[in-house]
Amino acid sequence: MPRGRIVAPSPLPGFGLTFGFTAFFLSAVILLPLAALVIRALEIPPGELLRLLVDERALASYRLSFGAAALAAAINAVFGFVVAWSLVRYDFPGRRLLDTIIDLPFALPTAVSGIALATVFSPSGWLGERLALAGVQVAYTRLGVVVALVLIGLPFVVRAVQPALVEVHRDLEDAAESLGAGGFNVFRRIILPTVLPALATGFTLAFARGIGEYGSIIFISGNLPFETEITPLLIVTRLEQFDYAGAAALGFFMLATSFVMLLAINAVQGWGQRRLGLGVAR
Amino acid sequence: MSIALDQVTKRYQSLPVVNDVSLEIGDGELLVLLGPSGGGKSTLLRAIAGLVEIDHGRVSLHGRDVTAVAARDRGVGFVFQHYALFRHMSVAENIEFALRVRRMNRADRLARRRELLKLIALEDMDERMPAQLSGGQQQRVAVARALAHRPEVLLLDEPFGALDAKIREELRRTIRRIQRELGISTILVTHDQDEAFAMADRIGVMHQGRLLEVGSPDDLYARPRTRFVATFLGAANLLLGYRCGNELQFERPADEAVTAREIVAVIRPEEVELTSGEPTSGLTRVGSGVVEELQFAGATERLRVRMTLEAGPIPATPDREGADGNSWLLDASRTFPEQRARPLATGQRVTVSARRIHNLPTPISSFTVIARDAAVAAALNDSPFLSTLAARMQTRITTRTTRTASAPPGMPVLAAGPGASAAALWNLAHGTSQVLILPVGAELPSRIVVLPGAEAGVEFLGVAASLLRHIPAESVLLGIHDGTTPARERASCLRILLEARARAQVEHQLDLRTELRFGDLDEELARQLDVDLSSMLVLGLDTLGKAETARLAGLIEGPRLRPVLLVHSPAGSD
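Line order of the protein sequences matches chains A and B.
All residue numbers for the first sequence refer to the numbering used here, where the first residue is 1 and numbers rise by one.
All residue numbers for the second sequence refer to the numbering used here, where the first residue is 1 and numbers rise by one.
In short, the hints are calculated from the structure, not lab data.
Just so it is clear, the structure is predicted and the values come from calculations on it, not from any experiment.
Some hints could be false.
[As the list claims (entries may be wrong)] According to the in silico footprint, chain A covers these stretches of chain B (three or more CB under 8 Å from chain A):
#, region
1, 71–83
2, 144–157
[Said to hold, decoys possible] Some chain A residues well away from chain B (every beta-carbon gap over 10 Å; in silico):
#, residue
3, 50
4, 119
5, 137
6, 181
All residues carry an ideal CB built from backbone N, CA and C; glycine is no exception.
For reference, chain B alone in the conformation it holds in the complex (with noise of 0.2 Å):
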């Protein structure tokens, strides 16, 4: 591996920037790291430059730990977004300054300088200053400059940023040429879909100092497994879906005793099907609506559907825009021969269906607030916890106040207190495997103690992974055991624990620092949840025996209140 990070943290003010990133790197590989801006990329580049100190995770390149070298002894290779050239020194002094630093003789510069220019196709540039040379030309010359000393890892910090669109163009090509003859190691830094698609072997898509996601750009894009990625790359209607059995329907059942599974599926606009009859056969049929709005865009023609709330499909983002209280607007778009073989006009009613839809495997598809009073039910809807929380997660949070027969299709939301325990139990026994029971007015935690049960199964970690990417917090992975247990025994403790954060890691792309305690379940969970005073707590329940009872009637009834996300997986579920 050319650079392998892992557990990378970075604080700022003691809020996570970059947050437990793991990553491997193949020799000769480019991996761009997509995001927006704020997301903590440029911050997690500079990390492994040695520009910036980490708090904690280790860097590694070419399997020699760099994490305590400086910057200047670790052989990379940087170029920044407005190019960083020396201004008093001409295109030859800035490409031999890491020669020069070096003390290479003048000979061996020159002959390095010549191959570079011709590199960067800049040949008899060489006594030219920096301000006498166009954008695309700095640029060029600083990465000319970042590849004399031959690193080990090139990394590129927005390099096109500052450039127009035809110039940027050009450069990804040079750049990419560049990368692919000298095969070297690089990460590139960039919030634009079109430059990762353009240039990645690999994507990683970094969102709120996490990495969400890393994979292949047709894969990513065609199977993202979270909701941010789908959106994030390209554009996706999100909506929710219910299964039933084998069978995929889009219409929220309407007898509630019928458990069905709630899913969010991703329909790509130009996936979308749209006919003034009835489907073509063998798509699955989404709805009915009515074209809003017809945009020619060259080959291709984009359409917005307008959808009713109640005759079809539900979005999994509530608030997109054009959407009020009854209605919503689908995405599709068509080519240019769809287009001419089936015209359509605005006002015309359609039938709406999917040649391919993805099933996003997420556990958590929207949230149900379960209250008996109207007025709590607002609050918790209101609360800055769960408000925040459906907001990144774009999800959707419907409130029910009524008794029902089974637990909701999405996960449920209970206010802590007195009698909270009991209708946990209630809804984990009709229905549902997930609970979410907040104190009223709850704040998003800046701790979330992970805590499974006997055995770590991949549902409960993919519940906690789903969690864990949309706040960003501290996080640890705890086990705890009997503070008996004989000390050849504990090393199987430690490794079940470990065998758990890494098949998070497999599974759900979600990295967990560990921590192994040995005592009093109860004490040692309180002691680690009393760390920070903002914390929560994922609790993975394997039986629902006395014990298990009382102890959660500790955690959701009082007296100290927090967040508890409870996740029932029965042995043997997995």
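Isolated chain A (complex conformation) (with noise of 0.2 Å):
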């Protein structure tokens, strides 16, 4: 297709139409409320803008949210890889049950989660108790954080690596087999660079969401400033005090990040059927 021009590539009629409606909704729904956030944060002198965006409590705030968003995703990479292997694998009663309740924490309000996580984790609470005895403490403490954004992140991590399991075809293992390599040699040489690109998929997903997750965090956390206190949180408290340009410094700055994540999810994806060859000319 030559650069620039735009061409109905189907013979059915409303192109017009539908690529109208597109745009229109587009713009609407996404890019006018974003484009005024960036208006908003953009009248703010630069000085004044980078005192906002590096200040004591923003930079705290930071540090957790993409520091316990890193760690979530990380641990959700190790278990929805064992969870999805189950899944795939094996087969056992009330597979298909274990498989919906995955989704459960896409489906369910995040303040659902968050109050749910909060009365099982409170000191007072079923779980909470118990882990007091042996001097853990989780609600209200960053420990509480991560452990809301991995109930959080878990489908996204399962949901990318399971079709990718899927394709890892029996002839490969038996292959790989056949060749002199041992069930650890199958792992780590066959099955998991094959899922390696879905794998990275999903932990990007899932610390995407994480920076940006609110509802299940808040109840959890405690909300301590420069302690427990989350970015999402922050914009909101500032928003509270009338602080205007400091929320919308603060949304500017998520909303690069966003876009960052975005671009990275994008590239590893690109990069994982570029590794299997794919999309390259024959």
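Dock chain one against chain two, each of which comes alone in its own frame, and use the hints as you go.
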């Protein structure tokens, strides 16, 4: 297709109408509000904007948001892989039920998960009480944030890895085995490399989701400034204090981050396809 | 022997998919396992590679028993139908995989890779990814990968199945050349007979889990031993023939009193001669018919001749394509020069004769249900046992409800129950040596107990083999001796049994498991039959004395009825 020209790829009529609607819809719902945010943030003088972005409290919230999201995504990469493996490779009673439950964090309002977690992990809660005896406190600590993000991020990893695992055909493992590879070698050299791009995608998705997560965290984190305050919560706090400039600055920063994450996800997927030799001219 | 299989059995959900397969493959030999899909050949191949665990039997590679050895330590090369290349690795990495897991150093790996790429004529393709190669190239890489660790055995599972015809041909030659160059013992699995003919030193035909026949391609084609192989390898007309003395004729003997032996004759289409007048002298006349179809096929012409049942021969296979109640189609083919010399047209009446006729050594040519009562005859006819067996054996069932002077030329089938033993004995005394006795509504058995008489003659084993080939059931060759047999004679009892097994293997290419028991014959036999609810008995009788008659009555007149195949071979008849 020549660059810069719009070509109707299908003989079906209505291309102009649907394309126009798409453009309008995307503008109204996505581009317009985002543009408003960017404009609002850019109205702040650059020095002031920088000050708002690197203020001590904001920095602490970045550390928590990014750190906890990265840690939770890493935990999910490992356990999500195990879950996906057992769902794909084994048949056991209740497999379909388990497969459905994986999606629960997707479907549940995040506030509900947050309250549920807070109830279970609070010092008087069912799990919190027992953990307190062992000297571990989950609720109202950074650990609580990580726990909430593990819950939210799990389906992203499982759903990304599952189809990739299905793709690892039995023949590939048989081939590796007949060539002299033991179980560990088959896993390390065949299964893991084949699944790796999907795993990376899952990790990035879980990480991106973790940075922006709000509802499930605020009940369990305790929201102590400098300690357990996540960036989205800080935005809310600033709004409540009528600090619109501060809120817009942080919002601008989160938007930029999201954009970078999107690019990263695309890059990871492209890398995965190139790795398997797909998308390369034959 | 490079590869030796001994009674290899693999079951899925208690059904044997590979059933007592024994086979030996010599150094540097290429054996093709041929058969329809679902015949168990791929499972057998995987069992040899160790990718499938077997339930019974032994696999040896170069004299080493590897039955309990893991796939990775068996030193075989395996090539899959869909290549199974590692897609995240380059051609070089794929080929070097086996060397890498063996921790070979870099320089040696590189040297070996160069060597292999040269062998498969894909030099300078090292850094390509599998997705950048064509199907044929991918399969060649897969072959190189399978050979990298210098395996002693190469196993190929339908390696050309996913390729188009032209590439297939080319790859066949490449693989055959490599196999000859390396002198590596190879098994190739395919369902394509052209492929088998083009590549094989020997062909083994597998069907329903059993290895039916093994032999050189020309031998299997010219002298098949079973109907299945006769019709699976190339086209064949199977006809019922009647041998009276040394004379072979295709008309059913009109006089029932003449004891003619019924046989199954194989006539290949290219051995059929069609003439408008009398046949060329020296050829066997088969019958006459009307040319129904003429098909030009390049070098040859394919013809179909409609033959009537009334006037001419009876096909051994009743429900062939184009057959109706009164007539059937005979396949013939002619070369171009023949066609030019004697042109034929559709609708023309021709005399059919055969240049070469091969008699199948199968002892079961057809079944004749004998019952006084037409309803019982119909019930026997429709029983799953008989209808399935006849369909699988591609053989004919006829019914007889009137009294005759002699047993029918085919195998008599009687209903079990009161009076069965008298009827069976009458048939055995009047011109037949085998009788099948079925309970009405009998199902195919899942276990077959084979109990020969004192002498397990070749004829008895032949009948047993013929039956067993068509029933995918567990089978056991039983030897029962008196419980008072002194210990020093027991060894010779075992020898007799193993000799019978060896004879079945050599003469009929059928492998049987053996069991030797000491005790009361009737009790031990009952115990063996009761192992499985659905079992049948193949019983050999040398003499028809009082004890045998009583035993027979117990077995076929109730109270527990099961299919029984009786084979009477009087001592010294072999």
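Right, here's what the structure says about each hint:
Residues of the region 71–83 of chain B with a Cβ under 8 Å from some Cβ of chain A number 9, which satisfies the need for three, so the listed coverage holds. Against chain A, the region 144–157 of chain B contributes 4 residues with a C-beta closer than 8 Å to a partner C-beta. That satisfies the three-residue criterion, and the hint holds. For residue 50 of chain A, the requirement that its beta carbon stay farther than 10 Å from each beta carbon of chain B is met, with the minimum near 44 Å. Every CB of chain B is more than 10 Å from the CB of residue 119 of chain A (nearest about 45 Å), matching its label as outside the interface.
Residue-level check passed: residue 137 of chain A sits 44 Å from the nearest beta carbon of chain B, beyond 10 Å. With a cut of 10 Å on Cβ distances, residue 181 of chain A falls inside the contact zone with chain B, its closest approach being about 5 Å.
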